[in-house]
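Modelling step: build the complete structure from the supplied sequences, incorporating the hints.
There are 2 protein chains.
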Amino acid sequence: MTNLQNFIEVHKERVENLFPEIIESLHCSSPLKKSMLYSLQAGGKRVRPMLLYAVLDSYKIDKSLGDNAAAALEMIHTYSLIHDDLPAMDDDDLRRGKPTNHKVFGEATAILAGDALLTHSFYLIASDDRLSTEVKIEIIKLLSFASGANGMVGGQTADMEAEGKSIDVDSLEKIHTHKTGDLLAVALQIGAAIAGASPKEQDHLYQFGKNIGLSFQIKDDLLDVEGDQEIIGKPVGSDEDNEKNTYVKLLGLNGAKEKLAWHTQLAMDELSGISADTGILKALAQYIGERSQ
Amino acid sequence: MTNLQNFIEVHKERVENLFPEIIESLHCSSPLKKSMLYSLQAGGKRVRPMLLYAVLDSYKIDKSLGDNAAAALEMIHTYSLIHDDLPAMDDDDLRRGKPTNHKVFGEATAILAGDALLTHSFYLIASDDRLSTEVKIEIIKLLSFASGANGMVGGQTADMEAEGKSIDVDSLEKIHTHKTGDLLAVALQIGAAIAGASPKEQDHLYQFGKNIGLSFQIKDDLLDVEGDQEIIGKPVGSDEDNEKNTYVKLLGLNGAKEKLAWHTQLAMDELSGISADTGILKALAQYIGERSQ
Numbered sequence: 001m002t003n004l005q006n007f008i009e010v011h012k013e014r015v016e017n018l019f020p021e022i023i024e025s026l027h028c029s030s031p032l033k034k035s036m037l038y039s040l041q042a043g044g045k046r047v048r049p050m051l052l053y054a055v056l057d058s059y060k061i062d063k064s065l066g067d068n069a070a071a072a073l074e075m076i077h078t079y080s081l082i083h084d085d086l087p088a089m090d091d092d093d094l095r096r097g098k099p100t101n102h103k104v105f106g107e108a109t110a111i112l113a114g115d116a117l118l119t120h121s122f123y124l125i126a127s128d129d130r131l132s133t134e135v136k137i138e139i140i141k142l143l144s145f146a147s148g149a150n151g152m153v154g155g156q157t158a159d160m161e162a163e164g165k166s167i168d169v170d171s172l173e174k175i176h177t178h179k180t181g182d183l184l185a186v187a188l189q190i191g192a193a194i195a196g197a198s199p200k201e202q203d204h205l206y207q208f209g210k211n212i213g214l215s216f217q218i219k220d221d222l223l224d225v226e227g228d229q230e231i232i233g234k235p236v237g238s239d240e241d242n243e244k245n246t247y248v249k250l251l252g253l254n255g256a257k258e259k260l261a262w263h264t265q266l267a268m269d270e271l272s273g274i275s276a277d278t279g280i281l282k283a284l285a286q287y288i289g290e291r292s293q
Numbered sequence: 001m002t003n004l005q006n007f008i009e010v011h012k013e014r015v016e017n018l019f020p021e022i023i024e025s026l027h028c029s030s031p032l033k034k035s036m037l038y039s040l041q042a043g044g045k046r047v048r049p050m051l052l053y054a055v056l057d058s059y060k061i062d063k064s065l066g067d068n069a070a071a072a073l074e075m076i077h078t079y080s081l082i083h084d085d086l087p088a089m090d091d092d093d094l095r096r097g098k099p100t101n102h103k104v105f106g107e108a109t110a111i112l113a114g115d116a117l118l119t120h121s122f123y124l125i126a127s128d129d130r131l132s133t134e135v136k137i138e139i140i141k142l143l144s145f146a147s148g149a150n151g152m153v154g155g156q157t158a159d160m161e162a163e164g165k166s167i168d169v170d171s172l173e174k175i176h177t178h179k180t181g182d183l184l185a186v187a188l189q190i191g192a193a194i195a196g197a198s199p200k201e202q203d204h205l206y207q208f209g210k211n212i213g214l215s216f217q218i219k220d221d222l223l224d225v226e227g228d229q230e231i232i233g234k235p236v237g238s239d240e241d242n243e244k245n246t247y248v249k250l251l252g253l254n255g256a257k258e259k260l261a262w263h264t265q266l267a268m269d270e271l272s273g274i275s276a277d278t279g280i281l282k283a284l285a286q287y288i289g290e291r292s293q
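Chains A and B, in that order, are what the protein sequence lines are. Mind the numbering: the first sequence is residues 1 to 293 in full-length UniProt numbering, read in order. Mind the numbering: the second sequence is residues 1 to 293 in full-length UniProt numbering, read in order.
Simulated from the structure, these hints should not be mistaken for laboratory data. Remember, it's a predicted structure, so these values are computed and weren't measured experimentally. Please note that a few of the clues may not be correct.
One copy or any two copies: either way a pair holds, since identical chains are not told apart in the list.
Within a straight-line C-alpha distance of at most 20 angstroms, the following computed DMTMM-like cross-link-like pairs (lysine to aspartate or glutamate) qualify [unchecked claim]:
(1) 103 to 90
(2) 249 to 220
(3) 34 to 159
(4) 103 to 161
(5) 141 to 21
(6) 103 to 91
Quick look at the structure:
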């Protein structure tokens with residue numbers, strides 16, 4: 001097993017082990033808890049927590065300092081998937097091969113579970129007694145900017161508005177920078193804030209995050225065309241059926257692959273400006289561009 | 001014009017004047033902004049900001065220190081109404097006599113506008129440069145607890161689960177304490193945190209908030225039976241049609257009125273433990289129990 005495989009396995013388990021206790025601690029009815037936990041435990045690569053832990057790893061910072069923020073990142077990502085899957089949005093019955101939240105718990109509970117996951121992620125940061133007040137405010141500022149109208153939700157809206165329309169690569173890039181990239185990049189920024197990295201290194205990590213955010217999305221688009229349905233957990237070609245704007249549609253297979261390689265390289269270049277040991281971050285950037293799911 | 005009428009008018013305008021700039025500052029598409037602003041500007045009593053400003057008034061604190069928190073409280077309240085009105089939830093076409101958000105902008109945008117309002121409310125607090133870092137973290141902790149699964153969203157879920165079932169007054173009280181009361185009480189707590197009130201006075205303000213939260217809900221139930229449709233902006237008797245559990249249904253008209261008076265008195269009693277000038281808070285507590293909308 002490579003260093004990276006080991007790192008991914010250990011930290012996937014680390015963040016997944018946090019969820020039951022977080023949800024169990026809530027004072028609310030059992031169906032709401034079950035619905036929240038169902039989607040948190042529905043699998044996934046846990047890329048955002050992974051990136052956060054990788055920054056802490058680079059700076060040799062105690063991983064427990066990143067636990068609440070890692071859980072919060074994954075909770076925000078999960079809420080966005082629950083709401084995206086709703087009949088009024090993408091209307092998906094399956095997510096990672098399992099019934100989507102509203103198929104199991106009903107639409108109303110799914111909406112509320114998403115709302116609760118989002119809200120509680122801020123509570124997790126604010127009540128974290130392992131971080132200084134300054135770092136907590138910095139994290140909440142970064143996270144609320146990257147996940148709201150200025151970031152993820154804004155990107156999601158723009159994506160919806162562009163569906164069925166013909167757009168250019170710049171517009172597509174802007175959409176994905178917000179829809180997917182911002183929350184990936186903020187995982188790096190949060191790691192940098194917890195590690196107390198210098199402003200210069202914080203910026204390198206942010207740029208690294210922006211580039212791998214784009215790589216991530218391009219790879220998603222490629223997997224939709226070239227992936228193995230069994231592994232990616234959804235039908236191959238579903239983007240085309242849904243008239244989605246994708247990098248493959250706009251650039252062709254080879255163009256998309258070239259662009260993926262380019263952003264991965266740009267990400268690598270950013271890491272050379274950082275004095276900490278960025279071995280795992282480099283390996284993660286490679287993995288994001290080469291993964292099979 | 002009484003002192004209270006003047007206070008309400010001035011501070012309603014104060015918080016409403018904040019919304020256009022807050023929404024305009026967002027970097028996102030115009031439909032999302034319009035949808036967010038539409039519901040923020042759809043009227044309402046602005047009770048939560050009013051309570052916050054009333055605490056600052058009592059302690060002679062500069063109102064501008066409460067502006068971001070006041071806006072955040074109203075944004076969270078507004079997001080909860082947008083999501084509550086959705087077809088999968090209460091399926092309401094009208095809110096305060098105007099078409100609900102999803103009727104104007106479509107369900108998908110309404111869901112996202114709610115998500116964005118919630119998320120940005122935390123950004124507003126975290127990026128407020130008039131408050132100390134300690135106070136900001138305290139506010140975010142209070143707000144995220146009161147509005148998530150532990151508070152408002154939990155109460156909303158419990159309310160939904162109880163619909164059509166026969167429940168007792170204690171269960172109804174528990175539901176409303178969370179669904180409505182927690183966000184009202186937290187407005188008081190946030191005011192106390194900004195004013196730097198002593199822990200003892202903070203607790204009095206919190207208990208005051210809990211009691212007027214219950215008065216508020218009982219009065220809502222009474223207005224649904226006895227109110228003027230033109231003034232309350234929805235059909236009289238709609239709760240009964242929707243098989244909602246209400247105080248009037250469980251206690252009768254007189255029983256509900258007695259309970260309302262009792263909680264208003266309990267709220268007043270809490271204020272006697274506070275050395276600041278609580279004239280406006282007292283008047284607000286009266287107003288909440290006597291209002292016609």
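*asked:* Of all the hints numbered above, which does this structure not satisfy? Sort the numbers upward.
replied: The structure conflicts with no hint, since it agrees with every one listed earlier.
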